[in-house]
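Residue numbers (our numbering), protein chains in the order written: chain R, 1 to 40; chain D, 1 to 503; chain H, 1 to 163.
Incorrect hints may have been included.
Pairs of lysine-lysine, DSS-like flavour, derived with a Cα cap of 27 Å [said to hold, decoys possible]:
1) 187(D) / 278(D)
2) 346(D) / 35(H)
3) 158(H) / 69(D)
Calculated Cβ distances over 10 Å to all of chain D for the following chain H residues [as the list claims (entries may be wrong)]:
4) 24
5) 81
6) 121
7) 124
8) 162
9) 163
These are calculated hints, taken from the structure and not from any lab test. A virtual CB, placed ideally from N, CA and C, is assigned to each residue, including glycine.
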Amino acid sequence: MNRIRSIANIIVGICFEMVFAAAIVLWGLVICGVAFLIYR
Amino acid sequence: MILKPQTLDIRIILHFLGKIILGFGMMMVLPVAVSVMFGETVPVVDFAIGLIASISTGVLCILVARLDKHPEMNWMHGMVVVSLGWLVCMVLGAIPLYLSGHWKTFLDACFESMSALATTGLSLVQDLDHLSHGANFWRHLMMFLGGQGIVVVALSFLVKGGAGAFRMYVGEGRDEKILPNVAETAKFIWLVSLVYFVVGTLLLALCGHLSAGLSLREAVFHGACIFMAAFDTGGFSPQSQSIIYYQDGLFEFGTIIVMVWGAINFNLHYAIWNGKRKELWKDIEVRTFVITLGLVTLLAAAALAKGHVYGTIIGLVRRGLYQIISAHTTTGFSTIYSPQFILEWKSLALLAIIVAMGMGASICSTTGGIKMLRIGLIAKAFREDVKRFLMSDSSVVSTKFHHLKDMFLDDKLVRSAALMTIAYVLVYLFGTAAACFAGYPLLESLFESTSAAGNVGLSCGITQVGMPVFLKVVYIIQMWAGRLEFVSVLVLGGFIVSCIRGK
Amino acid sequence: MKRRLGFCLAAVVIFLAMGRLCQAASSQELIAEAKLFDGAHVLYGGEVIGEVLRRGDHAWINVYDGDNAIGVWVPAVLAEKIEHAGSYKCSGDRIRLHGIFHRACPEHGGGLDIHAQDLLVVEPGQQIIEDLDDRKILVLAVLLGVLICLLMVRIFLKKRARK
Chain R
1 MNRIRSIANI IVGICFEMVF AAAIVLWGLV ICGVAFLIYR
Chain D
1 MILKPQTLDI RIILHFLGKI ILGFGMMMVL PVAVSVMFGE TVPVVDFAIG
51 LIASISTGVL CILVARLDKH PEMNWMHGMV VVSLGWLVCM VLGAIPLYLS
101 GHWKTFLDAC FESMSALATT GLSLVQDLDH LSHGANFWRH LMMFLGGQGI
151 VVVALSFLVK GGAGAFRMYV GEGRDEKILP NVAETAKFIW LVSLVYFVVG
201 TLLLALCGHL SAGLSLREAV FHGACIFMAA FDTGGFSPQS QSIIYYQDGL
251 FEFGTIIVMV WGAINFNLHY AIWNGKRKEL WKDIEVRTFV ITLGLVTLLA
301 AAALAKGHVY GTIIGLVRRG LYQIISAHTT TGFSTIYSPQ FILEWKSLAL
351 LAIIVAMGMG ASICSTTGGI KMLRIGLIAK AFREDVKRFL MSDSSVVSTK
401 FHHLKDMFLD DKLVRSAALM TIAYVLVYLF GTAAACFAGY PLLESLFEST
451 SAAGNVGLSC GITQVGMPVF LKVVYIIQMW AGRLEFVSVL VLGGFIVSCI
501 RGK
Chain H
1 MKRRLGFCLA AVVIFLAMGR LCQAASSQEL IAEAKLFDGA HVLYGGEVIG
51 EVLRRGDHAW INVYDGDNAI GVWVPAVLAE KIEHAGSYKC SGDRIRLHGI
101 FHRACPEHGG GLDIHAQDLL VVEPGQQIIE DLDDRKILVL AVLLGVLICL
151 LMVRIFLKKR ARK
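Let's have the full structure, built from the sequences with the hints guiding it.
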């Protein structure tokens, strides 16, 4: 049971880090968007 | 008085050096397997030569320095083993590359090999598009080994954990253990890397096959290579055009995901894998990364948008933001051609990308540069000092920060962070001076030097086969010293001096 | 040789027949003078490397002219002409093409590319036969001998230590 839980934790962890990386892109996208709109 | 190292010191160093070489050399079996899989014959012979040369060197070192008992390794031994080990592995790793005929001189192959091991990504390869799959895989595998640490490789298989092993581990630019035992730590680092290898290769292979249009076999090969280069924030790529080759936004997005994974501290991976997901936004390193990334992106995006360098927002993101993330995570993948940095990017954008390269990402990850923890600590120290001036004399100001656990900011921590930052800046300037001496303009020199010493790998065009030989050597030293965070390199220098002048 | 000459002649005739004002450019010139060439018709040539990356009714090919490889966006019909793409085992088709050059292509996320309008295979690619240098075999044999000697010494020393 413990093993299943730890594997599940790892899978959730990987997905979580993937979302974090996507959020980083989004964060950059927002900044680029603002800069682009200002100087359009 | 400087003491001359004794025979026992040299025997201990040679013994462990031999083990590291053995661990590293054995890895050459993998490119042999890849060559066989792709039906390539000549590379098999090249790698067989490299493999046997490495194993022979390793066995010879162990034979010459036979140790009857297991003596304790001190700090000097650990540091010298690591810095020497990296140099020897550079030479051995360069053998099969040189034999492939795609590197003009053996120094160029050594440059490539050090660039790979130090996860830099600057390359002197010629006609990369016709390089065998085996040699190409080896370039990327060296990044994977160097990123995790070649000592970590040896620790996982050949060296028993202990205080001596910990000293080698620290010498390799890592000062945080994840688990109480250093051998367990090494194994955990490999576990994380291999799990991500499977997930990341699958992700990139799917992007490559379904979106970019690669054939399935090539998609898997490119996926594995690009994963190793991205997760270890290295920046090599199997084709000469870097990421431009794939001509695909989704594939670029996939590489960003892997680069960000690589920029995360292994301790943080450990915490997240154990369900402590809140650590991700509590940690000072991640917070600093998000803030500095925001700032450099703002500078670069403003400069690029104001200069109308890219006419669309998608262009600004795929060519501007991509380069910034690649630089900040010290990867070095590129979606524009090297000369375009100087020819098209505005000065402010170049400044932003140089700052991003210089700062790097997490401690105990595979990134290079000054690193976020140090930047964060220095920023906190500044804030604390300003606070002190604003508050009454009698009040006590203390600052807390969260890095794996809550900690108080003390002067010792700030001192070491500031020293290391100064050391990096000096090395960046040293490389800049060397390139200026060779006749390159200041901005280009600063860009390339920061890229080499910060283990980034973005190039503005200086790194070419025809560059002066002394500059190649300077960059090799910068990559080596930057990856090992100077201390072990300085100890090696001290060791050589004590061998010559000691009594 | 005759065939190759024929191809070259055909290439010249076709491109002259187009009667357009195309400027021949190398990849270095295109990158260095990107602003000058932006939006212009260019003649570009080189070896197709990697793979033909198909995208619906179009495809990407990367064409290497000795200095850099540049991405070329070609209609799928034209991409059909390419049979070999350069790799370790194969030299790619050498092609000449003309098309519109973009410094930062608005259609393709700001990339530097050429949208090909016509393409001609000047010289078809062929298999590269691997050439194994005998000296490598010799070095390998010597190294293997050294390794075996070293291992034997190691075993001998271990046995003596046990005694």
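Taking the hints in turn, this is what the structure says about them:
{"no.": "1", "hint": "187(D) / 278(D)", "verdict": "25 Å, holds"}
{"no.": "2", "hint": "346(D) / 35(H)", "verdict": "14 Å, holds"}
{"no.": "3", "hint": "158(H) / 69(D)", "verdict": "14 Å, holds"}
{"no.": "4", "hint": "24", "verdict": "19 Å, holds"}
{"no.": "5", "hint": "81", "verdict": "17 Å, holds"}
{"no.": "6", "hint": "121", "verdict": "18 Å, holds"}
{"no.": "7", "hint": "124", "verdict": "16 Å, holds"}
{"no.": "8", "hint": "162", "verdict": "12 Å, holds"}
{"no.": "9", "hint": "163", "verdict": "14 Å, holds"}
Comparing the model with each numbered hint stated earlier shows that all of them hold.
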